[in-house]
Each structure stands twice: as C-alpha cells, then as structure tokens.
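> If you want the building blocks of each chain, they are given just below.
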Amino acid sequence: MDTIIETTLTINGESVTRRIPVRQNLVDFLREEIGLTGTHIGCEHGVCGACTVRVDGKIVRGCLMLAVQADGRNVETIEGLSDSGEIADLQDAFHKRNALQCGFCTPGMLLTVQDLALQNPQATREQIREHISGNYCRCTGYQAIVDAVETTLIARNSKA
Amino acid sequence: MNAPAFANYVGQSIPRANARRLLQGRGTYTDDLRVARLVHVVFFRSPHAHARIVKLDLAQARAMPGVIAAIDGVTLAKFCKPWVAVLGHLKGIKSPTQHAIAIDRACWQGEAVAAIVAQTRAQAEDALEKIECEWQPLPAVTDMEASLAGTQVIHPEFSDNICFSRELATDGVDAAFAKADLVVEETYDFGRHTGVTLEGRALLADYNAAENTLTVHQSTQAPHMMQDIFSRHLDIPEGNVRVIARDVGGSFGIKVHVYADEMATAALAVMLRRPVKFIADRLESFLTDIHAREHKIKLRMACTKAGEILAFDLDDLTGIGPYSVYPRTSGIEGNQVVNLTGGPYKHQQYRAKLNVVFTNKNLTCQYRAVGHPIAVAITEAIVDLAANKLGLDPAEFRKRNLVPDDAYPYTSAPGMKMEKLSHQQCMDKLLILMNYSVLRTEQIELRKRGVYRGIGIAAMIEVTNPSPAFYGVGGARISSQDGATLRLEPTGMVTCLVSVTEQGQGTEAIFAQIAADAVGVSVDRVRVITGDTGITPYGGGTWASRGAGIGGEAVLQSGKVLRANILDVAGVILQASREMLDVRDNHVIDVRTGNVKLSLTELGRIAYFRPDTLPLDFQSELMVTRHYTPRGYGFAFTNGIQASLIEVDIDTGFVKLLKHWCVEDCGTVINPQLVDEQIRGGIVQGIGGAMTEHCLYSGDGQLQNGTLADYLVPMAAEMPDMIIDHVITPTKTSELGAKGAGEAGTAGAPGAIMNAINDALLPFNARVTAQPFTPERILGALGKI
Ligand code: FES
Ligand code: FES
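Those protein sequence lines, which keep their order, are chains L and D. For the first sequence, my numbering begins at 1264 and goes up steadily by one. For the second sequence, my numbering begins at 3 and goes up steadily by one.
FYI, nobody ran anything at the bench for these hints, they're computed from the structure. Please note that a few of the clues may not be correct.
Derived lysine to aspartate or glutamate pairs resembling EDC-like cross-links, with alpha carbons at most 20 angstroms apart [to be verified]:
(1) 1321/L / 1277/L
(2) 57/D / 162/D
(3) 661/D / 581/D
(4) 661/D / 1378/L
(5) 1359/L / 1349/L
(6) 1359/L / 134/D
(7) 661/D / 1389/L
(8) 300/D / 147/D
(9) 307/D / 183/D
(10) 786/D / 584/D
(11) 562/D / 584/D
(12) 661/D / 1413/L
(13) 562/D / 534/D
(14) 348/D / 286/D
(15) 658/D / 526/D
(16) 80/D / 237/D
(17) 401/D / 310/D
(18) 658/D / 1393/L
(19) 83/D / 240/D
(20) 658/D / 1389/L
(21) 661/D / 1265/L
(22) 661/D / 649/D
(23) 96/D / 162/D
(24) 300/D / 317/D
(25) 1359/L / 317/D
(26) 132/D / 1265/L
(27) 298/D / 191/D
One chain only, chain D, in its complex shape (with noise of 0.2 angstroms):
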C-alpha cells in the first residue's frame, strides 16, 4: 500500500474555513453575545472643542425610566486609574493625564464627560436629553501651524503645545544640496481620515465580584495588551482578567488602542458588579475613533542632471489631538514617516525634522499603514517632480535610484536594516505587468483627442514583523512575542491555540494550513482558537502586518515539536525506531516503504484511553507550545511598487480609476488568494484617503461631516480592478520566512494615485498636493475655480 501524497497546504489557495459562519450570519461578534442582567452604557459627550465644565447635574438623568446610574469623571477616577501615554524611546515626548471619563475640562468635540446606564440603550439615550451641562467655552486650537506657534497652550501643566519632536540629519546634507544640479521643493497636505470599521467600536465588560474577575468581550486586535491594562486600571489580578475576541467586524488599527468610554465601560461593570455594554454608533465613531494622518510637510531633494538622488529634507508637522494615545502613543506615525521617506532609494544623505502637536480635535493614532501613505506618497511625487524636470521618464528615473537587489544587507540614510528587498525585480515586472510603454504610447494618442489620462507609480518600503524595538523598548507592555500550542486530540485531531488574532484577514486559515504541513495532517482536521487570554499563550496581536510573520512561525515550531512527540508515541507502540517513522496525511508511515503503520486516530485512542499498555517509563507529550520573537532585525522590511491608471475630466475635476497594479515581497506567501485579497483591500483604503476621505473640522474644532453620508468611503462603483503579483524573497530570520503583507496595498495606492492624477494634469503644467484629492481641489489646480 503506498502512503498518501505529503499535502503541502503552505502556498495554496484554501478557502478560509472560518468564512462558513460569516457567510450564513452564523458569527459572533460583540454585539451578538446575548448576556443575562446585561445593562447598556451611553455616553454624553462634549459639544465643544474645548471647554470648562462649570456645573454638571445628572439628576433628572438620574430619574428616568430603566436608568441605573449617572456617573461622572470624578465618580469614575475612583474606579479606574487615569493614563499618560508616553514611551521612553521616543525621546522627550510629553501627554497630559487623561481620565475615562473627563473631569473638569473637555479638550475636544466628543469626548466623554458623562455616562448614563440604563435597562435598554434607548432608556440611556432618552435620559442624556435630561443631563444639565453648562459650559464655559475655552479657545481650540485647531490648526496645527498656530499649535506650533503656541501663542495659544492647551494644556495648563505645559508650556507648548509640543507633544514630541525628532531631529535627524546625516553628515553630508548641505555639501549634497550645494552641489546638487537640480533641487526640487514642493509642500504637501494630508487630511485627517478614519478607519470606518463596518463594525464599530464594541465592548461588554462582565465583573464578577464574588471571584473579582472580570470578562471582556472586546472588539479587539490585541487581547493581551487589553488584558494588562485593564488589570492595572481596574486594579484586579492580571490572572483574573480575561479579555476575549470572537469575531471582529473590521479594525485596520482602529481597535489596538486604548479608548477611554471602552476602559470607562469596564471601570462601570466593576462598579455596578454586572455586565455593561458599549456598542460605539456610527455618529460617535467619527467622532472618538481614532483619526489619523493629518500632516503638513515641505520635502526638497537633491540630484544630479544625470538623474541620481543625492538627498532628501523633510520638515514634517502633525496635529493629534489634545491626548497622545495610550499605550502606543500618537508620536510613531510621524516617527514613522521619519523613518520611510526617501526608503527605495540609495541616496546616502537625509535630514528629517519632525514636529508632533496637540490640538483640539479627535485623537489621532496608528491607522493601517502608520506613516508609510504619507512617505511613500511625499517621496514618490517628489520624485516624479524631479524626473519632469530632468526629462527623464519616471520608470527610468527610478530604475536609476532604486537600492540594487545586490546591496542588501542595506542600511538606509535614516538608518533602518534591511535584510534583503527585492525593489529592481519588482520594478521589472510591474513595468511588463502593465505594460508600461504600451500604456505610455496610448496616454499620448488619448491626449492629442482631449483625453487626459495620467500613469503613476510609487515604489515602497514597509515596516512588518516588528521586533521589541518597536514598542516594548520604550516601556510599552506590549508584547512582539507570539506563540501557539498544539495539540492532537484523541481522534487525531489538531487543535492550535494562537495569541495572534483574526479579524478577517484569514489568520486562523494560514495557521491550520501551516499546522497541517509541520505535524503531518490534512488541513481540515485541524481547528484554530484565537483571540481569548484565557487559553490561547500570551502574544502580542494582530498589528503591524505581524500575524503570519510572527504567529506562523511559532505554530510552524510548535508542529514540528508535536510531530516529533507524535512519532515517539507510534515508536513505542510500533516498537519500532522512530527515525524510520514519519506522519503524513494523518497517518504514521514508513519513511522507507511509506506503508502505513498506524493511524493518528488509533495513536490517539492508545496515548489517551490505553496508556497502561505502553511502557512504564514512557509518558506520551501530545500537547505542544512553542513561541517566537523576531530579533534579529528591528522590523522585517518588505516592498513593494505599485501603478494606478487614470482618467481626469478636466471640465468637472473628476477622475475615472480605471485600473491599478501592485507587485510586492512579503517573502514565503501561505495563502496567495487571502495575500491577494489583503492587498487589494488595502489599495482600496489607500484610495479612499487619497480620494474622498477627510474628516472635516471647522475653525473652532467642530466635525462638519460625521455621518457615513457626508464622510466618502469608497464604493463599489467606482473601484477599479487591481491586478496583484508577487516576488518572493522569504526573510531567513524565520523557517518559515514569511513577512507582512496587510499594509502594503494601504501603504503605496495614495502615492500611486497623486502621481496618476498629476500625470494626467502635466499638459496643463498643473499639480495638486493636498489628499484627498477632490475635483474642487483639480480644478482649483487647473485654474477653473
């Protein structure tokens, strides 16, 4: 009898198996758990940007129908201790103290200085008309120049309104500059955008008082993080929190973040010692998610008339709100476009200088990408620019400048290592991918018949994997180590826990295609548990394109380990030499003959049920874990380059997508369809904020278009078909060598778009700078209005 065919489930396309439920309505999400003695939190939140409480009454509140409590900042302090969010490595970086609920003085539209818990959500939000607030206003500052300034201070303990500032420069910028043959200058804007989760913000906290603990069923990307915070704000045993993560309806960094209504629910659960809940609507997402990306920069690089790089000079100013946020702070986006900018390119001199204000709007955060839409797209239009001026076509003019697939290990200007890229490869093939001069010859046919069709590209670098350096460095207690045990159930089957979570990415189905492979079984017997601090190890998450990375490799290790210890099981029962055994496709056979020995069915059955048959001193281990923390780098950097084709009206300033391109490395690919499918989820956010996405404040801090109406997500209508490839370079810091890929598609489409769209206007010697690009903006451009 030969032994069934060794199935190599990694590098396959294999439906998620955890879609099922999704697709019949059959998933859990927060708001689905139903809960006995469950109570509903609303929060009232300020209307002002900025303003004195002078007198707060929550009594006839208080008196309503099915209302349980109205409670305040001070009341809840009592309950919950308040945070600064500050990491040691981002040097000299300073956040006032912030409260779940404020006390005193509320320092934007939406934040929470009240909550009511009532019976029903209904009850609640009937009894927040009864709350009596007066308000002293105060003076917001909302724009990040006059922040800077700081002729007007936000918070009273500082004496600016600097949150954190970094200054870099290498040795020879102003030589390169000087001898420069061509200096190229321009500012660019980046309007706030938000990630719009489908699924909102959504918390119900469970406190048991007779046992003191306390359950959270979160809408979360990081359930340890949570779980560590809560014990030390809440003041309850780290071991009796358990925070748990079932099915997630969306959260691209939205929900890795501490927010203070989710901390002030749970603060409630403990007070009142019952179940509370928090589900976050629509209109108050826009107001309390997390923003991001709101930055002002002027770039200028350096070249030579022959068409090389010689520098870049970024001066990057971003505004975040009155807080930084807690615990990865509102400091690394900016931190980040520091480290990115000028990434592709072999250029040996920078100089960065980056400012980190407060101001009087919503919190901003790591969103999707954290930093890399704004260097790629800055660098990538600079370049562009540059290459307009020197003749020479963008593709080339790259081609020029890109670090050779040959240099690496490569240590960029800013000082980032890099383990090994890919950039010319994946130059080449996106230029054939697209058919780069085809499209080119087309472009020039179409213009002379009025048509403006516009060619952009943007190369990339990108942050995955990160190590300690990232956050727990700087004394942040979040974890960048992963882990995942295995183990085979008595019918043969593999159940594998794992730290990392699953928010529709396919994480759970990478991880049984890699625990398949490592222990030997087909991929339909083994079931994924993620997201529960209560019985997966403990890990960091899913952040940072991280999952497969770091979460695959310690379920690889682990199934390894399991596949040895299976083997040592069947060699006592086979009496037989285990060397001359292996498990493939859930049987053990002989790797000499590949007969089938035993079943891992029947191996199960003796190690459970009949171990008194074995001998005396053999105790079988079928149960596994094993974990893994990247260290050998501070990230494992991967790239990409991507291409958008489109078509601006130049009567009315719209533009037509037709088509985008990506060609990316994040190294060994598990699952090309879910890689795929990442890739194009992430170019359709990257448009989105380059297109139509901006959450709008007036001079006094005021949101003009918090609704899902007046706020432009994109829609299917006007998305283009995105055709995505891959070069693989797997990083050698893991077996498995598997890099991020969740931020890549997010990370290169802005940059991609800016230069399409300028490409298109450069018969009309027009440029736009400012995201999203609107068609007022284009026509602004055009000098139609």
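Chain L with its partners taken away, still in its complex shape (with noise of 0.2 angstroms):
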C-alpha cells in the first residue's frame, strides 16, 4: 500500500496540507488533488516541459518531482502567475503573434520563458531557442513563440 505523508505547502500563495501518497507527482497533485489543471501532461517522462511549474522560484518539471518533495515550498503555477498579473505582458504578446494554436503546451512554454526574462533580460533569438528547446511545441513550429518572447524583452528593456 502507498505510504501517505502529511505535507504542507504554499501553493500560487495559498497554504496547502494534504495527506499525499508518497508515489503522487506534483503535476498529478496539482492537477487532481488541487484542481489546478493548467499544468498539463505530454510525456510524463521529463522530455515535454508541458508539466512546467515554478518551485522557489526555480522551473521544473512536475512530473519529474513528487508532490511531498514539495513540503514546506512554494510552488506556483500558471494560473497564480496570470493571477497576479507578473506575465500579462508576455501573455499578450503571445496573443497578438498568435504563439500559441492549440495551448497545450502553452503554460509550460509560458513559465519557461518568464524565467529566461528574470534570467537573460537580454536574451537573442538564439537564446530564446536554446531556453525553450525543453519544451515541445508540436502546433507553431517556434517562430511565433520566440517572436512573442523577443517583443516582450524589447518592452520589459525600454521600460526598465
């Protein structure tokens, strides 16, 4: 039988304990147990990025890390990022570009490259395909992707 672990955690700020079977991914955590669907699931082997969420501040795969590793952690997620507003601008650009088609890997594709902009505000084009050649986009073909992250830069850079 599955040993089950009692863990707290703050989830897109909100603190959360649940009794969590040991085996449980976080993905599947968030998405069953908290019903945060956003975070979505390509592969479940690490290799997509769809699963993409934000644990103290670092991306990773949720499918690659289980739920009670996350104890005592902050983890957050598309919908805590639309939420407060940190990605709007990023968001939109996407919209305009049209970066996205069928948006399933849209949310992993979105945390991936806030965090190259946190990282690498000034990030080429090049840059931007080596950030986010974890994340497989099997709709856009990449070009409108990197454009929408490239526009977003440029903003984020002449306002900062």
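Each chain sits in its own coordinate frame; assemble them with the hints.
In structure tokens form, the structure reads like this:
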C-alpha cells in the first residue's frame, strides 16, 4: 500500500495541507487534488516541458518531482502567474503574435520563457530558442513563440 | 451623424479570442473535466507483435484494491459490435474484423487484450501487473516486401496480405519512355512516423442508464462521425448520443479515427453504467496512435533533352499494420500518392501501381497532409535528379514543366480536375522572395571554402475542401457538408454555432470574422461555439483542410440570411422599406444617408420582449441555419511551392536548417496571421518527418523508440525561421473563395529538405533517398561510414 505523508506547501500564495501518497508526482497532485488543471501532462518522463511549474522561484518539471518533496516550499503555476499579472505582457504578446495554437504547451512555455526573461533579459533569438528547447510544441513551429518573447523582452527593457 | 465605417474583418490578422483562456491555463481539455463517480480505465496490451492468447487470467487483477472491473474481449464484445474498415470506392479493399478488445489473438505490439477499470488510475495500473497472460508467439510479418510476397499470411481468413491495390495507366506511357532522351529512376524509402500531439488521445464516456443516453467528451476532430459510430456500435439511438469536444491539444489527423481502446472505454461506460475515462499516456500513444507514411517507392521519369517531362511511372508499396483503420480506411494515403505524384507538371503520360499490405506493426492511417509529403518528395526529388543530368538549373527546369497558370480548368494525367492554380506566379514570387540567384552565387563561393550549402525547391498541389467523393461515395457515414447557425441575441450579440471543430488552428476566430462581416456587427460581438453534437448543426468536423472553405462558407451564407432577417424586423419597426436599410457596425442604418436608425440592441429588445408592438402578421426570425457542401469539383485543389536552405557538415553528417520559404495559394485569406502560422507549424511537422522522426521497429515487430526521449521531434533550437507569402486565387465554387491551408506546410517541406540536402551533396556525387535523413544516412551516402 501507498505510504502517505502529511505535506504542507504554498500553492500560488495559499497554504495547503494534504495527506499525499509518496508516489504521487507534483503535477498529478496539482491537477487531481488541487484542481489546478492549467499545468499539463505531455509525457510523464521529463522531456516535453508541458508540466513546468515554479518551485521556490525555479522552474521544475512537475512530472519529475514528487508532491511530498514540495513540503515547506512555494509552488507557483500558470494560474498563479496569470492572476498576479506577472506575465500579463508575455501573454498579451503571445496572443497578438498567435504564439499558440492548441495551447497545450502554452502554460509550460510561458513559465519557461518568464524564467529566461528574469535570468537574461537581453536574450537573443538564438538564446530564446535555446532556452525553450526543452519545451515541445507540435503546433506552432516555434517561430511565433520566439517572436513574442523577443517583443516582450524589448518592451520590458525599454521600460526598465 | 455619419454611419460608422463598415469593418471588413475578412483579410485582417485579428488575434483569436479563444486563445485567452489557453494562455491563462483556463482551457478545458478532456482530462481537465471533473465528473462525479468517475472511474479510470487502463489497458493490458500485447507485448508481442503477433501472438495467440493461450490463457488470460484476470482474477488476481480483479481482486486488487480499487478495481471495479477487469474485462476481456469476449465480455466486451457483448456491448460493442466489431467493425471492418473498407470503402466501396476503393475497389477490392479488404480488412479483417476488428474488436474493441482483441479476442484470441493480438496482431501488433500494443493491441489491447484486456481492460482494468478502477477508482484511480494508479490503482488500475497496479492491477495491470497482476494480469496473467500466457502467449503463444506467432510469426510476425514486419517487412513490407515479405508481406507482399505472402509467404506468411497474417490473417487466416485471407489468402494473401494485400489490403488494397490499384493500377492506373494512360495510353501512351511506354511510347513516352521509348522516345525519351533521358529516363531517370530512383527508389525512395519513407520511415513510419506519427503525430505526437502534445495532449494524448483522451475520452470520457458517461452513460445514463435511466435515459439510455451516452455523453462522450472526446479529444476529437469529428464529433458527428463519432456520434454515428458510438450509436451504431453500442446500439444506442443516434439522438441519445452526444459527443463533445472542448479544447483539443493538437490533432493533425491523429484524432479523426476510431480507436479500439476508445470504443472499449465507451462500451465500458455502458456496461458499468457510469463515467469512465481513458487518457493515453505517452508510451501507449507511440504504440497505438496511428502511424503513417511507411512507403517504399520506385519512380521513373521520362524527359527530352530540351527539358520537357514526358511521363512518370510509379510503383508504391506501403505497409499499414494488421487492420485497415475504421472508418476512413488505410488505403487513402497510398491512393493519394497515386493521385498526386507528378501533380504540378504538364506531362500527359502516367502509370502507377500501388500495393497496400498488412504487417504486424501498429496501424497506419491518415495523418496531416496524407500522401502529399510522399508524392511531393518523390516527384520533386526525381525532377531535381533529371535537372542535374540535363545540366539545367532546378528552378528553370520546373518553370518549363509547370502547368501554366492560363491552362485551367485542367485535368492532370491521373485524372484530377483542377479549377484554377497559380504555379507560375508562386514560382516567380518564391525566387524573388528567397533571392534565388544570389543564394546560388553564394553557394558556389562557399563551396570553395569547404562550406556545403544546399538549396531545395518543392512545388506541390494539394487536396482541400473535399466533396462527398472523398468518403461519402464509398459508403462512409462521414459528412462533407457543414452547417452554421447564427442567432441574434436580444442584446445585439451574435451567437454562431458551427459543425467544424477547433483544435488550435483558429477556426472559431475566422468564423467570428466572417460572421461579423456577413451580419454587420463588430467581431467582439460574435461568440462562436463548436464541438458539440448536441447543439451545433450536423457536419464533418476538421480534417483534409476543409474548415475554412466549407465551414466558413456556411457561416457566410447563414450570416447573409440573418442580416436580411434583421432588416425585415427593422423595416417593420421603422416602417421603412427594407431596401433602404442596412446593418453596419451593430446598427441599422439608412443606406442613402448612412445615418443610424436603430441599434441592434434596441432591435433585439423589441423583437424578443415587445413583439406585441409589431404587426400581427409579422414574426421575426433571428436565428438562421445554412449548410454548404462543395460539389463542383472533387476537391478544391490548391498549390504552392517551398524552398529550403541548409548546410551539411560533411564530417558529422549533421544538417543545419538555415531558412525556409513557402509561397502558397489557398484562395481567400481570412486571417493572414493564422494562415501563416498554420503553414509554419506544418512546415516544422514536415521537417520532423524528413529529418528525425521515425518509429523504429525490430524485425520481430517491437517498437524500439517509443518514448519522447528516443523518438526525436523538432525542438526550437534546431528549427529555422520561415518566410511565408501568398498568391491569392479564390475558388469560384463558393462565395467566400477560401481553400484549405492547414496541411500545405507539411505537404511540401520534406521534398524541399530532401532536395536541399542532395543539392549540398552534389559535389560529392552523393544522394540520400531514405527519410528521415539522419547524420548516419548522410555519412553513409558520402561513403564515410
Ligand atoms: S509531462 Fe513532464 S516533461 Fe513532459
Ligand atoms: S500550441 Fe499546440 S503544442 Fe504548442
């Protein structure tokens, strides 16, 4: 039988305590237990990036981390980043440039490019491509995503 | 007061309204639904490519915690009728009977032979390990040529392994080859690949025993087709079956077929009288999502010294797995290769032979661009080969042979009727766009420095907006007609219900644009609803590049009638002649002065809430439905041309994609940005098949690379920027004039890439002809390994 551990973590600013089976990964926990279905599952083996979330400020693959490992930590998802307005400009640029089609990769993609924007606000197109090269998108061919990120970085830099 | 200017939304790049929810993680994909009493199904799949089930013991699995049912094929067959995937117009096609869960025998690695239903997916997966199955392995036929030879016959009810064959020849093929100055011949291999939608196949079926109703939430492209199939195979009246497709995480043809495990899930919902969910995980997606494009083709082409193409001679062999896929069959891809090879050129002579054979690998069926990537690649590769032999520039050789723009209507050598194409204009535009002659000069210079660049061109024709000639005539209950219902709401908003579905292409956005123009409202006042058989008109859904051209025309016609009906109401309210009135920018105006006479909000209020103030003999009709079926031609053929610039590292065999161009003609462009992004995404999907994607099977039918780590899909770092342009030749078969664009990128990219690589290898007298063009194959061609 599954071992269950009581776990307390912060999800998008709210403290949550749950009894979690140790084998449950973070993305399943967020989706099934908390109802945050914006984080997606594309492979469950760490390759596609659809499950990307932010834990203590760093992006991680939610399918490669156990939910119980998030005990005491701060987890942020696409819902949290959307509601706080942190990535509103990026979302707007994605929208205008049609940098999404089916949208299944989009939450993971947005968290990944926001991570780049925070780390390297001067990133070139090549660096943008490099940074998202762990996020699979079947629909767009990537160019529109690169364009939208580039536009956002330029706009942010001119404001800074 | 001046009337607001009439906003002409068709032709504008308006961002898609429905993208907002997806950007905030607020979409509703099938796996996001939350349903009471839901249980989860997982499947026990054959580890063998071909094996008899000697003993299947589910008792221990059934006893595991949380397990509700453990079911084999015999039990499930009581709830789900089997099927045979043939079509009347593919003469002689045959396929064995397929059950939702295999009975007695598994015919490919991954075929489901039992199902476990449990309270959680984890519990169901735990129970899978407790299934005891004793197998007697049977010989697996995995090689297409061996299958064709028929030494080992897969299905005991047949005498050979041939699913379908076709031969076609014009009268003077042999004579054309006899008089040719040059005959070129080459054999091409295409590896199997698959769609890899980021969202796997997903289905949640809910059966209400009290009402005998079945509601299926499904990640699908064709809700009405599935409604018909669930109804017939589960024996539930059609009107009691409702199929709903909310957000779909990519489809590309993967989600337009009947899958045995999805049928089993729906049957289990009926059997267990409760909601059952199936979500394919990535590993089972590789084993069971349809594969495509495993072909071996011998192609010959005859031409004159002066560079005139006289004839093509094609011999295509394709392996489709053990069953033809229901209901579209697995004969269509090869059939398209026959219909489309040589398509852009004006030769009169053509011979083709096609053999579609069964194998013990996963099933293949229609995947984005169906047959086109193959037909285009082989045609364009052999055209380049001939140009080289004749010492002609590949662009120049093509120019001499393209069907001229003034030759339409035109019937191609295999008998395809085309209304109006624009090969010459597209070619001219492409050469300017890419700066062709400068690139050629640069190529020569770089070669001197040991840098090997290649330029590849691929012209193409493409089947879009199919008429009933595609499936309907063959007896398939697949609609080539679509419908749109437009309703003016009391506030003056327009609700638009369409039978074409959305999977990210932007279908809903373009319908809103068309509806806004047709009715005379602003686009933000239109709300589009698709993907629900319970509420939309009946129609085919999304496949074969048909959404804009067919669904869009239905929206346009519906919108025009709604506008007329609005004017009827306005005429009565204003006691004015309706000829003097029009609808513009959410208002009824006087056409002579442009003055606003009445807002649609006020008109709606009166029509819905105060009809007592209208004449007794007047009834408003502010909801309109119209349908459209393309019928004038079998298909609305489109055309386009692509070019690729690459660099080959001759020491490592690695190919760097530098740039890609596409000029295509999809007729009326409703939303330029959406069309361009469809093409870009399609190009990258084509590049994937050409460069890296390959479902590798061992000789005994084991998939060797069925994970996303091993099966290589295109990622951002390696992909080029793509430049897209258009020639616009609207089809006259509809008022909207739109043809399809969704598959063009995928159709042409592999051919352009293949030619670019071979162009780079030209100084070494090396050629690659087997896709995907891996570094290993390139080094092999260079004689380095
Ligand atoms: S689902 Fe986690 S990386 Fe693919
Ligand atoms: S938009 Fe569909 S996978 Fe990226």
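> A separate judgement is required for each hint: does it hold in the structure or not?
How the hints compare with the structure:
1. 1321/L / 1277/L: 18 angstroms, holds
2. 57/D / 162/D: 28 angstroms, violated
3. 661/D / 581/D: The given pair, whose Cα atoms are some 54 angstroms apart, is violated under the 20 angstroms limit.
4. 661/D / 1378/L: The hint is violated at about 28 angstroms.
5. 1359/L / 1349/L: Distance of about 18 angstroms is within 20 angstroms: holds.
6. 1359/L / 134/D: 55 angstroms, violated
7. 661/D / 1389/L: 14 angstroms, holds
8. 300/D / 147/D: 13 angstroms, holds
9. 307/D / 183/D: Given that 20 angstroms is the threshold and the Cα spacing comes to 6 angstroms, the pair holds.
10. 786/D / 584/D: Since the Cα atoms of residue 786/D and residue 584/D sit roughly 73 angstroms apart, the hinted pair is violated (cutoff 20 angstroms).
11. 562/D / 584/D: 11 angstroms, holds
12. 661/D / 1413/L: Since the Cα atoms of residue 661/D and residue 1413/L sit roughly 19 angstroms apart, the hinted pair holds (cutoff 20 angstroms).
13. 562/D / 534/D: Judged against 20 angstroms, a Cα distance of about 24 angstroms means the pair is violated.
14. 348/D / 286/D: 45 angstroms, violated
15. 658/D / 526/D: 43 angstroms, violated
16. 80/D / 237/D: 11 angstroms, holds
17. 401/D / 310/D: 10 angstroms, holds
18. 658/D / 1393/L: 15 angstroms, holds
19. 83/D / 240/D: At roughly 15 angstroms apart (the allowed maximum being 20 angstroms), residue 240/D and residue 83/D satisfy the hint.
20. 658/D / 1389/L: 14 angstroms, holds
21. 661/D / 1265/L: 52 angstroms, violated
22. 661/D / 649/D: Satisfied, since the Cα-Cα distance of roughly 10 angstroms is no more than 20 angstroms.
23. 96/D / 162/D: 11 angstroms, holds
24. 300/D / 317/D: Distance of about 5 angstroms is within 20 angstroms: holds.
25. 1359/L / 317/D: 47 angstroms, violated
26. 132/D / 1265/L: The hint holds at about 17 angstroms.
27. 298/D / 191/D: The hint holds at about 5 angstroms.
In terms of the numbered hints stated before, the structure departs from hints 2, 3, 4, 6, 10, 13, 14, 15, 21 and 25, listed from lowest to highest.
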